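Peer 1: This is what each chain is made of:
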Amino acid sequence: MKILVPIKRVADPDNANKVKVSADGSRVTSEGLEQKVNPFDEYAVEAALRLTENGATQSREGEVVVCSVGPKDVAQTIRGALAMGAERGILVDGADDAMDANVIAAVLEKLYAQEKPDLVVLGKQQVDGDSNQVGQILAERLGLPQATFANSIELADGGKACVVGREVDGGVLRVKVGLPAVITVDLRIVGSKAIANGITPATHAYPDAPRYASLKGIMSAKKKPIAEHTIASLGVTEAPRIEYLKFELPPKRAAGVKVESVQELVEKLHSQAKVI
Amino acid sequence: MIEWSEQHLAIRDMVRRFVEAEITPRLEELEHGDTPPYEVLRKLFRTFGIDEMARARFAAIEARGDAPRAERDAEHGESGDALAMRLIPVIEISRYSPGMITALGVSAGLTAGAIMSRGTLRQKKTWGLPLTTLEKIGAWAITEPGSGSDAFGAMKATARSDGEGGYVLNGSKTFITNGPYADTIVFICKLDEGDSVPAESRKVVSFILDRGTPGLTQTKPLRKMGLHASPTGELFLEDVRVGKDRLVGETEDVPARAAAKETFSAERTGVAAMALGIVEQCLRLSVDYANNRVQFGRPIGEFQLIQLKLAKMEVARMNIQNLVFRQIEMASAGKAMALAEASACKLYCAQSAMEVCLEAVQLFGGNGYMAEYQVEQLCRDAKVLQIYGGTDEIQISQIARQLLGRG
Ligand SMILES: Cc1cc2nc3c(=O)[nH]c(=O)nc-3n(C[C@H](O)[C@H](O)[C@H](O)COP(=O)(O)OP(=O)(O)OC[C@H]3O[C@@H](n4cnc5c(N)ncnc54)[C@H](O)[C@@H]3O)c2cc1C
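Taken in sequence, the protein lines are chains S and R.
Going by my numbering, the first residue of the first sequence is number 1, and it counts up by one from there.
Going by my numbering, the first residue of the second sequence is number 1, and it counts up by one from there.
Take the hints with a grain of salt, since some may be wrong.
[Stated by the list, open to error] Derived BS3-like pairs: lysine-lysine, alpha-carbon spacing no greater than 30 Å straight-line:
hint: 1; chain 1: R; residue 1: Lys156; chain 2: S; residue 2: Lys193
hint: 2; chain 1: S; residue 1: Lys224; chain 2: R; residue 2: Lys43
hint: 3; chain 1: S; residue 1: Lys216; chain 2: R; residue 2: Lys335
hint: 4; chain 1: S; residue 1: Lys222; chain 2: R; residue 2: Lys312
hint: 5; chain 1: S; residue 1: Lys223; chain 2: R; residue 2: Lys261
hint: 6; chain 1: S; residue 1: Lys18; chain 2: R; residue 2: Lys261
hint: 7; chain 1: S; residue 1: Lys222; chain 2: R; residue 2: Lys261
hint: 8; chain 1: S; residue 1: Lys216; chain 2: R; residue 2: Lys125
hint: 9; chain 1: R; residue 1: Lys261; chain 2: R; residue 2: Lys125
hint: 10; chain 1: S; residue 1: Lys36; chain 2: R; residue 2: Lys43
hint: 11; chain 1: R; residue 1: Lys312; chain 2: S; residue 2: Lys223
[Unchecked claim] If you want the ones that stay clear, here's a sample from chain S, every Cβ over 12 Å from chain R, calculated:
hint: 12; residue: Lys36
hint: 13; residue: Asp73
hint: 14; residue: Val127
hint: 15; residue: Asn197
hint: 16; residue: Pro207
hint: 17; residue: Tyr212
[Said to hold, decoys possible] Covered stretches of chain R (in silico footprint by chain S; criterion: 3 or more residues with CB under 8 Å from a CB of chain S, positions within the stretch not fixed):
hint: 18; stretch: 126-140
hint: 19; stretch: 171-178
Quick caveat, the hints were computed from the structure, so don't treat them as lab data.
Quick caveat, the model's predicted, so the values are computed rather than measured.
We put the CB at the ideal spot given by N, CA and C, even for glycine.
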């Protein structure tokens, strides 16, 4: 099985409160913040690795190709995934502001045509833009079945299909998609038994988290190939369709008031907050 | 080397993630000595495949057979990358627990090293390998109640021939890291051949002992100022009988004094990396505190006396980092640091780490003196860097001896 995993870097989500809006309101700046792999993308890499290995013996049983669109230094993000165990990388050079979800999906469509993977596994959304669109647009462009917000993936029909548990309001919806397909993953996809590939023994329990790259993995990542393209060299002509007009921070919340009793609270909710 | 490479940073980030997930949540129990550090350290080895790498290295040694020593040295010299890979976890973990690194370094570094460098192939396989993978915990015992800095001169521990090809060991050792829990102990003593040779000129030999050997007592951990994540104890040997298979190298002519000196130098490299971790952490915490603690209506970082402390910490951090880089660079060039330079390096790093810690406590004011703030622990821990692995005074005299041409 061959899986294509698009990944992206984002400004350190643990320090998201340090993100600022530029003085003229034209853009969001994350200067001084470390760039890290988007957490949902890391879950996608982990899911793809679990789908293509024997988790008990740690032998590789398939191929994971990781790709990223962005400035040259996303190579570092790609190498992080190679250190975890992915086989190859593809870097598509492009400036961050020359992209929206549609452009990215157009790039991925080209890569899909080159690589012909059995699955494209993506994070459900980026934690910076939170747009939650690339997977869906890609499936539409490719005319492939899609299963979004996956919290479990089970290979079925002798590897010709996947049964995907999707996190939806009020529960889990199980859908079967024929391969090739596009799957976007949610946090629980890294649960200890979330992936069943028919190779890893059902008794094997993974840690409830993406794996650590081993020292050997980090050393060998340097030698794994990363192919380079540009958006133009792939023949993508789409331009971004989304234009950002203005950014502003949410208004500061006024300080709260302390109330002495439930009676006073109800009274204030009625007369001042006007919610009851 | 002028900065960490992308690969080094990738290793650092992974180790940081491990520290955040596995060490900081347990720091309290580890630092109160309630929980020995070994399980977390084993998990570190498994997680990053360090145990696997040690097994692969040993398989290579075994395949090559027991090559003569000179040849071995040429091949064994650690590469720069290998050294960096070893030092980065030391730096990162020392930010929180220099004690864990001491326990780790003594077991997988010093004790394993003593067997791996001078033992026979069989000894390496039986006792060395399980130490390098952390399956077993090791202790290296030279210090005695009456002999510390003058480790060889005043050493009282003895080995006597039992007349049947084996030995009878006696003596007591103190301040022994991992002593209370060690499975494998390298015991250094003098060969008593029953003649009139004065004690100072007797041969030094070392033996490998297992936990539970009759006549061997391993005490409970001693109470101490800091470094609580590293259990330190005493060992008592009373007529412990061992076969020749326990004598490191299986011959009385192994240069055990030279071997012990090598072990001291190995210890010195580790100190620079530990000091770097401690200093980086103090600086990070201090900058944060200086930005956020408000007195007289402004952040204390606006007071010049506080700025001076931060600037001094930064200078120390740069210098220590450069010394660590130099160690890595020398390893890459296949060169070993001369004893006087290693001494200078250890002296500087240990003293700077202590000064930085004291400044950090001062910068934190009353909070700095409280256990709730980490600088209090780091300050207690840093002090040991000036004592073990050769005291500051011993480093100074070694540097001076070399300068004066008496080295
Ligand atoms: C936490 C901890 C862990 C340790 N772990 C181990 C271990 O695993 N294995 C092991 O064998 N040992 C271990 N040690 C022992 C350590 O190596 C010794 O404590 C150290 O070498 C100093 O010896 P001493 O304590 O006997 O001090 P002493 O040698 O008695 O020194 C006392 C003072 O005199 C000074 N002094 C001594 N000689 C001179 C001189 N010639 N000129 C000037 N000043 C001098 C010293 O610098 C010191 O200030 C450990 C110690 C500690 C604190």
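Peer 1: Test the statement that Asn197 (chain S) is away from the interface with chain R: the closest C-beta pair must be farther apart than 12 Å.
Peer 2: 22 Å, holds
Peer 1: Over 12 Å from every CB of chain R: does Lys36 (chain S) meet that, or does the non-interface label fail?
Peer 2: 8 Å, violated
Peer 1: Is Lys216 (chain S) within 30 Å of Lys125 (chain R), Cα to Cα?
Peer 2: 23 Å, holds
Peer 1: Below or equal to 30 Å on CA atoms is what counts here, so check Lys222 (chain S) against Lys261 (chain R).
Peer 2: Since the Cα atoms of Lys222 (chain S) and Lys261 (chain R) sit roughly 37 Å apart, the hinted pair is violated (cutoff 30 Å).
Peer 1: Quick one: see if chain S covers the stretch 171-178 of chain R, three-plus residues with Cβ-Cβ under 8 Å.
Peer 2: n = 0 at 8 Å, threshold three: violated.
Peer 1: Looking at Tyr212 (chain S) again, its CB stays over 12 Å from all of chain R?
Peer 2: Given a closest Cβ separation of 5 Å, the condition is violated.
Peer 1: Take the C-alpha atoms of Lys223 (chain S) and Lys261 (chain R), compute the straight-line distance between them, and say whether it is at most 30 Å.
Peer 2: Violated: Lys223 (chain S) and Lys261 (chain R) sit about 38 Å apart, past 30 Å.
Peer 1: So if I understand the rule, the pair passes when the alpha-carbon distance is 30 Å or less; does Lys156 (chain R) with Lys193 (chain S) pass?
Peer 2: 59 Å, violated
Peer 1: Is the Cβ of Pro207 (chain S) more than 12 Å away from each Cβ in chain R?
Peer 2: Per Cβ check, Pro207 (chain S) is inside 12 Å of chain R; nearest 9 Å; violated.
Peer 1: Is the straight-line distance between the alpha-carbon of Lys216 (chain S) and that of Lys335 (chain R) 30 Å or less?
Peer 2: Given that 30 Å is the threshold and the Cα spacing comes to 25 Å, the pair holds.
Peer 1: Is the nearest Cβ of chain R still more than 12 Å from the Cβ of Val127 (chain S)?
Peer 2: The assertion about Val127 (chain S) holds, with a minimum of 17 Å to chain R.
Peer 1: Is Lys312 (chain R) within 30 Å of Lys223 (chain S), Cα to Cα?
Peer 2: Cα-Cα ~40 Å, so violated.
When each numbered hint is compared with the structure, violations occur for hints 1, 4, 5, 6, 7, 11, 12, 13, 16, 17, 18 and 19.
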